[in-house]
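Participant: Here is what each chain is made of, one letter per residue.
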Amino acid sequence: MLEVKDLRVHFCSAPEGHDAVKDISFSVGDGEIIGMVGESGSGKSVTAMAVSGLLPMGAVECSGSICLDGLDLLNCTQEELRCRQGTDLAVVFQEPMTSLDPVMKIGPQVEESLRIHTKLSAKEQRAAALAAMAAAELPDPKGIYEKYPHELSGGMLQRVMIAAAIISHPRLLLADEPTTALDVTIQAQILALLKKINAECGTSILFISHNLNVVRKLCSQILVMNKGRIVERGSTDQIFYHPQEDYTRRLIAAIPTRTHWLY
Amino acid sequence: MKYLLKKIFTLIITLLIVSLLAFLAFQVISDPASAMLGTSATPESLAALREELGLNRPIPVQYFQWLTSFLQGDFGTSYSYSMPVASMIAQKLPITALLTFFSFLIMIVTSIPLGIFSARREGGLLDRSLTVINQVFMSIPPFLLGVVFTYCFGIGLKFFVPGNFVSYRESWTGFLEYLIFPALAIAIPRIAMTVKMLRSSILNQMGREYVRTARSRGSTKDRILTHHVLRNAIIPVITFIATSMAEIVASSIIIEQVFAIPGIGVLLLSSINNRDFPVVQAIVMVLVLWVVVVNFIADLLYQFMDPRIRLD
Amino acid sequence: MLAKKVKRSTRSLSKQKKNTLFIIGCVLSGFMVLLILISFFWTPYSTTTMDAACKFAPPSLSHIMGCDSYGRDIFSRILEGAGTSFLIAVCVVLIGTLVGILTGALTGYFGGWTDEVLMRICDSITAFPAILLALVIVALVGGSKVTITWILGVLFIPSFARIVRGEYAKAKELNYVKSARLMGASSFRIMFSHILPNAIPVLLPAITIGFNNAVLAEASMSYLGIGVQPPDASLGRMLAEAQIYLKNAPWYVLFVGITIVLLILGFSMLGEGLQQKKR
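Chains as they are written, first to last, in the numbering used here: chain A, 1 to 263; chain B, 1001 to 1312; chain C, 2001 to 2279.
No wet-lab data here; the hints were simulated from the structure.
Here a beta-carbon is modelled for each residue, glycine too, at the ideal position from N, C-alpha and C.
Watch out, some of these pointers could steer you wrong.
Stretch by stretch, here's where chain C covers chain B in the computed footprint (C-beta under 8 Å, at least three residues) [claimed, not checked]: (1) 1061 to 1070; (2) 1143 to 1155; (3) 1254 to 1262; (4) 1277 to 1288; (5) 1291 to 1300.
Bound-form chain A, shown alone (with noise of 0.2 Å):
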């Protein structure tokens, strides 16, 4: 479903710029949870970016490609790469709280996919809002709706930005780093919620985050980035019990587990 071959990020800052992505390919199939782990600055978020046609046009070069259900989001025009986002791609930020409107409602902001795209009665659109949120999980979705964002909590939030995610029924969520905010308790029920959506609805989920425990619980595939190239990929348990590359063994090396206390 997602394509993404010899994907090229160039950052134009002086003096001669550098590559955050250098040459990568993968790919995600219908219904696959991937995880993208690495420290910060192996080109991670950027790749998610690339993919989510977020990358700040003026200041990046791309080169590559990147298709998803066969339309090449790099090389295609601005309108068409549009009409995808919040459609097909939605994305979940890492930052609830500024991620959202301060001065808007929950429920238009979680109806905002279907107002950009869709041709439907703020009544059909209210009833969709609604179900999205209790689909995330919400308590009282009618009482959220009305209120702002400042007066939930950073799980709550996250919930809002899920529900808004889901709306349109995307094709591929990518989540950079959804869980990285929150407490640990919470993460888990984010994490809970992610694993149900993408069993319900089939929706594909690239997964980023430097938690590598995180990315167990919820993936099947790993891939690992290291300083723009991908060193290693396979399926969870091939990476975790069965490393091949040094790097990835320091990464998980570098776990804390109940384990080492042992010792």
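With the hints as your guide, set chains B and C onto chain A.
Facilitator: Same frame as chain A, but now just chains B and C:
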């Protein structure tokens, strides 16, 4: 509700304090008796007048009396014209008020579209030249603009006759036609400042994360601007617009002098020169009331626009 | 030095944009200040000599800005007027900044209810346009060069005090202040050796804005006739005179006006450039 009441309470306290200061300044410190009788008065006539005016009574009593009459609409009597100050003000106030509102209207109607336009065209030669032009207009004092307009449009192009004020009682169109240039002279420097503020506020908002979220949902740049950014960007500008209202009042006092408009400003200045304190005092109170009320309304508006600071 | 600056700016366009404003501001205000300083010692003609032959003379080689109604050279008078306005504005800003820094530092650093009360008073004063307040006070004490300077100076204190107070209140919580306190530094030392150097950059744009507002306020009041009184020269006063002769000698208004604008523009660009440098 509670917040509103607290704000109104603060407003009243401010007004009372100002009225006390004004009273002390004009009634107590400067001797009304000598101001009325002039320098040739004899000590006996001064003493007699003081007794008559009740200036020998304790100050709190005087203040209380003055305050109560003031609140009932009795602003005292002018030293120079022996007329009730209230009627003098009532005659001139509408003219200044209309000039002020006219300028304010021009300011709002022009600066918001210009600010948006300027933010949209960020970067590039047009934007840079506009910034410089904007900077120049911000540096031109209103009264200078007034004199320039008088020359260019009055004497030069003969759009109006300088000094030939037309009252609204005679002709509304003539009145408005005469007021256009004074209003523009007041408004233009403020427009430049507001455009700059709005532009930087919009650009600041465009860098925020919720804009990225909107883009990820497939929103067009225009839609992001109108539906999200504007409402967020205008919030810090509201206080500035409120301050502008107060500044416009101050500028109109000067502009009235430039264009010979018989409003409150001209009255204030002549009263200052004649040491006609009751008039000065009353006008000061009116202007203070005006500024305080404007700030109060701006505060309410701020609350209305930004749900984060809404208190109950 | 200049060559290095140019090289660095050609690399990133945005930086170049910021520097231009600052440079123009520096050049313009520097030029005006230089002219004014020179005028304190020498002017092309005496500002009081009346040459009846030159009445309303248009700009010419001998009188580059022409002559006024009394035959006095306009250029020399403008220089003198600009000098007065400039001096008054500088004194006003000095009073405002010095007292403002003192007040702001003390209230911001120590806080407490004096801080609350003083800040409330400052807020009330800044809510009113300075010109209105100045008018009222002039009504009581009469106008002159000295009174205007003091009145405006005092009226400008609250805005500076507010900014300084904000910086001190913020700095109070920062680690470098806390460690200085732990090391036993006296409050005075902390306030003026440690925090003040960090507060000054924030104050610089406000100082240029304050300077412009002072020039504006003084010019407005002199224009109205209640500021600087003759024989002292002032650009505002001259503009009022020039307006009377608008038909006969429009260049009078033009030159006075341009001088006022250049004076204000120079410092306003300087302030803008400083603010952008900060970013």
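Participant: Decide, hint by hint, whether the structure agrees.
Facilitator: Here's how the hints hold up against the structure:
Residue count for the region 1061 to 1070 of chain B with a Cβ under 8 Å from a Cβ of chain C: 0. That is fewer than the three needed, and the coverage hint is violated. Using a Cβ-Cβ cut-off of 8 Å, 7 residues of the region 1143 to 1155 of chain B lie near chain C, which meets the minimum of three, so the contact claim holds. Evaluation of the coverage hint for the region 1254 to 1262 of chain B: fulfilled, as 3 residues show C-beta separations to chain C shorter than 8 Å, against a requirement of three. With 5 residues having a Cβ less than 8 Å from any Cβ of chain C, the region 1277 to 1288 of chain B passes the three-residue criterion, so the hint holds.
As drawn, the region 1291 to 1300 of chain B meets chain C at 3 residues by the rule of a beta-carbon pair under 8 Å; at three or more, the given contact holds.
In terms of the numbered hints stated before, the structure departs from hint 1 and from no other.
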